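Asks: Quick mapping for you: the protein sequence lines, in order, are chains A and B. Every position in the first sequence, counted from 1, becomes a number in the numbering used here once 1 is added. Every position in the second sequence, counted from 1, becomes a number in the numbering used here once 388 is added.
Keep in mind that the hints were calculated from the coordinates and are not lab data. Model, not experiment: these values are computed from the prediction. No residue lacks a Cβ here, since even glycine has one placed at the ideal position from N, Cα and C. Be careful, since some hints might not be right.
Non-contacting residues of chain A with respect to chain B, defined by C-beta distances greater than 10 Å in every case (computed) [what the hints assert, rightly or not]:
id, residue
1, E13
2, F33
3, M158
4, K159
5, D162
Computed footprint of chain B on chain A; a stretch qualifies when at least three of its residues, placed anywhere within it, have a C-beta under 8 Å from a C-beta of chain B [what the hints assert, rightly or not]:
id, stretch
6, 40 to 46
7, 169 to 178
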Amino acid sequence: MNVPYLRESEIENAALNLLHRYETSAGGTTGFAINVEDIAEHELELDIVPADLEKDIPEIDFGDAIGALQLSDMTIYVDEEKNMVPGRFRFTVAHEIAHYELHRMLLQSINNQTDFFNSVVSKDKIVCRSSQQNTRIEWQANRFAGALLMPERSIIMKIGDIKSRLGLNQNDALDNLSLIELNRIANIIMHDFNVSHQAVIIRLNELRILPRMEQRVLWS
Amino acid sequence: MGCFGERLKKLRKEKDISLRQMAKILGITPPYLSRIENGHEHPPKAEHISKMAEILGIDESVLFELVPTDLKNKRIPDEIVEGYQKDGVSKKKVPEFFRSVKKAKLTEEEWDELIEEVKKKGSKK
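Next comes chain A alone, as it looks inside the complex:
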């Protein structure tokens, strides 16, 4: 399957567009922790089914999937055990929303089931596994999920707010902060946006906010 190339800005805009649609229909702005489950269930009318995928949904071949989007049933399946880390469940929902927003037309254009880097992509579903994170389709979905859960404007606003709270100079780039201060910032973002630590580091990196040298240390 040929997944078209999408620029980072296109993916960011697609996520922002969905957020605007949701805010318009929900009648107000959302807080820092974006309610992705409500976006899925009420804005997009996708059902969310948390389950032990292999045991509870035997009719679909999930294998060791983290999550999946079944278009014919308008359902997002999330493996409960593989998404137990705080914030991970929300990220997987956002990731499947991304497939719905970015790739549903593409899936519908497939004629036959295709083996795609150990994943199963077919006309009506995409099954997501950790082993396929580097494929284009999964990279795009992860980027969209990060942008939906942590929009750039909110992250910048939050970092400004944290700097004030910590008594730091607003003009200080994160490069000038100590590892302890960077870690405190990452932890506050993790808490306020209700996402995992890993997702925060990846997002700060995507937005080129986090000094590259510090990433490895913060990652651990």
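Model the placement of chain B on the given structure of chain A, informed by the hints.
Replies: Positioned in the frame of chain A, the structure of chain B alone reads:
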């Protein structure tokens, strides 16, 4: 197997109730409800169907009518169902009768009254 689930899903979405909310109120798991709605599982037991109708604000007969007849009659002995059919009574009347009796929560005395009433009807024929 699909009609019941399909209709249930449509009615639930019309009421803007999420699958997870519905499952929680019913006391069943989201995967089980999902399998029912997507036609991979038979309709649930009668008390869950009644509860579903209550949540959706519809008459329960709307959902019960979509339950396959052989499934409705599953717990009723064959000789009873066949006996009614011989008398020209449609199959769906039998489970409907038992459901109504169950819902009415009759006392011992009321049961006796009902039996007497049925006997009276029989003696007139």
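Asks: Indicate, hint by hint, whether the structure satisfies it.
Replies: Taking the hints in turn, this is what the structure says about them:
no., hint, verdict
1, E13, "holds, 28 Å"
2, F33, "holds, 23 Å"
3, M158, "holds, 30 Å"
4, K159, "holds, 29 Å"
5, D162, "holds, 32 Å"
6, 40 to 46, "holds (count 3)"
7, 169 to 178, "violated (count 0)"
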